[in-house]
Amino acid sequence: MASVSFQARDWSLRGNQGKKHQVLSPNLHPPKSEDGSSSHLARPVSATLPPLPVRLVMLRALCGGAGRFVRPCRQLGSLRYRPQRGLPLQHSPDVPPAVGRWLLACSGAVAGAVVLGGVTRLTESGLSMVDWHLVKEMKPPRTQQEWEAEFQKYQQFPEFKILNRDMTLTEFKFIWYMEYSHRMWGRVVGLAYILPAAYFWRKGWLSRPMKGRVLALCGLVCFQGLLGWYMVKSGLEEKPDSYDIPRVSQYRLAAHLGSALVLYSASLWMGLSLLLPRHQLHETRQLLQLRHFAHGATALIFLTALSGAFVAGLDAGLVYNSFPKMGERWIPDDLLAFSPTLRNIFENPTTVQFDHRILGTASVTAVTALYLFSRKISLPHRTRMAVTSLLAVAWAQVALGISTLLLYVPTPLAATHQSGSLALLSVALWLMSELRRLPK
Numbered sequence: 001m002a003s004v005s006f007q008a009r010d011w012s013l014r015g016n017q018g019k020k021h022q023v024l025s026p027n028l029h030p031p032k033s034e035d036g037s038s039s040h041l042a043r044p045v046s047a048t049l050p051p052l053p054v055r056l057v058m059l060r061a062l063c064g065g066a067g068r069f070v071r072p073c074r075q076l077g078s079l080r081y082r083p084q085r086g087l088p089l090q091h092s093p094d095v096p097p098a099v100g101r102w103l104l105a106c107s108g109a110v111a112g113a114v115v116l117g118g119v120t121r122l123t124e125s126g127l128s129m130v131d132w133h134l135v136k137e138m139k140p141p142r143t144q145q146e147w148e149a150e151f152q153k154y155q156q157f158p159e160f161k162i163l164n165r166d167m168t169l170t171e172f173k174f175i176w177y178m179e180y181s182h183r184m185w186g187r188v189v190g191l192a193y194i195l196p197a198a199y200f201w202r203k204g205w206l207s208r209p210m211k212g213r214v215l216a217l218c219g220l221v222c223f224q225g226l227l228g229w230y231m232v233k234s235g236l237e238e239k240p241d242s243y244d245i246p247r248v249s250q251y252r253l254a255a256h257l258g259s260a261l262v263l264y265s266a267s268l269w270m271g272l273s274l275l276l277p278r279h280q281l282h283e284t285r286q287l288l289q290l291r292h293f294a295h296g297a298t299a300l301i302f303l304t305a306l307s308g309a310f311v312a313g314l315d316a317g318l319v320y321n322s323f324p325k326m327g328e329r330w331i332p333d334d335l336l337a338f339s340p341t342l343r344n345i346f347e348n349p350t351t352v353q354f355d356h357r358i359l360g361t362a363s364v365t366a367v368t369a370l371y372l373f374s375r376k377i378s379l380p381h382r383t384r385m386a387v388t389s390l391l392a393v394a395w396a397q398v399a400l401g402i403s404t405l406l407l408y409v410p411t412p413l414a415a416t417h418q419s420g421s422l423a424l425l426s427v428a429l430w431l432m433s434e435l436r437r438l439p440k
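Just so you know, we're using UniProt numbering here: the sequence shown kicks off at 1 and counts up by one.
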C-alpha cells in the first residue's frame with residue numbers, strides 16, 4: 001500500500017493578515033530521492049505543518065472529499081463523553097412517565113393525610129364531628145346558629161360528658177376544624193387517585209397489569225374512607241368498661257393506619273418502579289442475602305409503625321416516661337396484668353409500650369446490620385446512597401421516639417415522630433426498589 005505524503009503548494013487561502021500560505025496537499029505518491037528511489041524520510045514536523053486555520057480547512061476537505069469517511073466523521077463529531085457510574089441501567093416497561101409521577105404525587109398526598117390524622121388524634125379532635133356524609137358535610141357551619149347546633153350535637157356524646165364539660169364554643173371550633181381538615185383532605189386524596197386514573201385509562205396509557213393495580217389502589221382509597229368512619233363510630237358509643245375515657249378502638253385505629261400505610265407503600269413502590277431505571281446487578285450470593293435482609297428490615301419497620309397505632313389508641317406513651325428502663329425495671333411488673341395473657345399484647349398499655357420499644361430496637365438493629373453487611377458488596381452509587389440514608393433516618397427516628405417519651409408526648413414532637421416512621425418506610429422501599437430483580 002502506497003504511503004501518503006504531503007507536497008508543498010500555494011493555496012489561495014488567506015489568514016488573519018491577508019497573506020498567502022504555503023500548505024501541504026495530500027499526495028498518494030511517495031517523494032523521490034536524488035537517485036530516483038522512494039524515500040520514506042520525512043522533514044521535521046515544525047518545518048512542514050501549515051498554520052492552524054489552514055490545517056482545519058484541510059481536515060474538513062479530507063473528510064468531505066471521501067464519501068466513505070463523511071458518515072464516520074459526523075458520527076464521531078456527535079459523540080459525547082459520559083462517565084459511567086456503577087453498573088448499567090435498564091428502564092421500566094413502556095408506561096408513560098406521567099403515570100409514575102402521578103403515583104408518587106398520590107403517595108405524597110396519602111402521607112399528608114397520615115400526618116394530619118396523627119395531629120388530629122394528638123389534639124383529641126377526632127370525635128368532634130359526630131356524623132358522616134360524603135357530600136353534605138363538605139359545607140362547614142357559617143352562622144352562629146349553625147355552630148351552636150353542631151356544638152349541641154357534640155354535647156350528646158361521651159367525650160363531652162366525661163372529658164370536655166367546660167369546653168367553650170371557640171374551643172369546639174378548633175377541634176371541629178381539625179377533624180374537618182382531615183376529612184376534606186381524605187376526599188382530595190380520593191379524587192387525586194380516581195380522576196387521573198380514569199384519564200390515563202381512557203388515553204390507553206395503562207397496560208393490562210397496570211389497570212388491575214390502579215383499580216386496586218382506587219378501591220383501597222374508598223375502603224380507607226369507610227374504615228375511617230367505622231373507627232370514629234367506635235369512639236362515639238357508650239362503653240362502661242373503658243375506664244370512663246372515651247376513645248376510638250385501638251383495633252380499628254390500627255386497621256385505619258395499616259390500610260393507609262399499605263396504600264402509601266403500594267403507590268410509592270409503583271411510582272419508583274416506573275420512574276427509576278433498574279440496575280443490571282450481577283446476581284451473587286451476597287446480593288441475594290442483602291436483598292432478603294432489606295425485605296426483612298422493611299417488614300420490621302412496617303410492623304413497628306403499625307404498633308404505634310396501638311400506642312396512640314391506648315395513650316401508652318404516657319405510662320412509663322423513662323428510658324431505657326421502664327420505671328425502675330427492665331421488665332415492668334404489670335406487663336402481663338390482663339387475663340387471658342394474649343389480651344396484654346393489644347389492650348395493656350404497659351405491654352403495648354414495651355412491644356413498641358422492642359420492635360423499634362429490633363428495627364434499628366436490623367438496619368445497622370444491613371448497612372454493615374452492604375459495605376462488603378460493590379453497589380451502584382444510587383443504591384449505596386439509599387443504604388446510607390436508611391441508616392441515618394433509622395437512628396433519627398429512634399432519637400425522636402426517645403425524646404417524645406421522655407418529654408411526655410408533646411404534640412409537635414409526637415407528630416414529627418409519626419412523620420419519621422413514614423420517612424423511614426419510604427427509604428426502605430426505595431432501597432428495595434434499587435435491589436429488585438430485572439424482568440426476564
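Watch out, some of these pointers could steer you wrong.
Stated by the list, open to error - Simulated pairs of lysine-lysine, DSSO-like, Cα-Cα distance not exceeding 27 Å:
hint, residue 1, residue 2
1, Lys211, Lys173
2, Lys233, Lys139
3, Lys173, Lys139
4, Lys203, Lys173
5, Lys239, Lys161
6, Lys233, Lys153
As the list claims (entries may be wrong) - Derived CB-CB ranges, DEER-like:
hint, residue 1, residue 2, range
7, Thr365, Arg343, 40 to 48 Å
8, Arg343, Pro96, 46 to 54 Å
9, Lys203, Tyr230, 17 to 25 Å
10, Pro96, Ile331, 39 to 47 Å
11, Lys211, Arg382, 41 to 49 Å
12, Leu303, Arg375, 33 to 41 Å
Derived by calculation from the structure, the hints in this document are not laboratory data.
Just so you know, even glycine gets a beta-carbon here, dropped at the ideal spot from N, CA and C.
Results for each hint:
{"no.": "1", "hint": "Lys211 to Lys173", "in the structure": "violated, 42 Å"}
{"no.": "2", "hint": "Lys233 to Lys139", "in the structure": "holds, 21 Å"}
{"no.": "3", "hint": "Lys173 to Lys139", "in the structure": "holds, 14 Å"}
{"no.": "4", "hint": "Lys203 to Lys173", "in the structure": "violated, 44 Å"}
{"no.": "5", "hint": "Lys239 to Lys161", "in the structure": "holds, 13 Å"}
{"no.": "6", "hint": "Lys233 to Lys153", "in the structure": "holds, 14 Å"}
{"no.": "7", "hint": "Thr365 to Arg343: 40 to 48 Å", "in the structure": "violated, 28 Å"}
{"no.": "8", "hint": "Arg343 to Pro96: 46 to 54 Å", "in the structure": "holds, 51 Å"}
{"no.": "9", "hint": "Lys203 to Tyr230: 17 to 25 Å", "in the structure": "violated, 35 Å"}
{"no.": "10", "hint": "Pro96 to Ile331: 39 to 47 Å", "in the structure": "violated, 55 Å"}
{"no.": "11", "hint": "Lys211 to Arg382: 41 to 49 Å", "in the structure": "violated, 30 Å"}
{"no.": "12", "hint": "Leu303 to Arg375: 33 to 41 Å", "in the structure": "violated, 26 Å"}
Hint violations for this structure: numbers 1, 4, 7, 9, 10, 11 and 12, all remaining hints satisfied.
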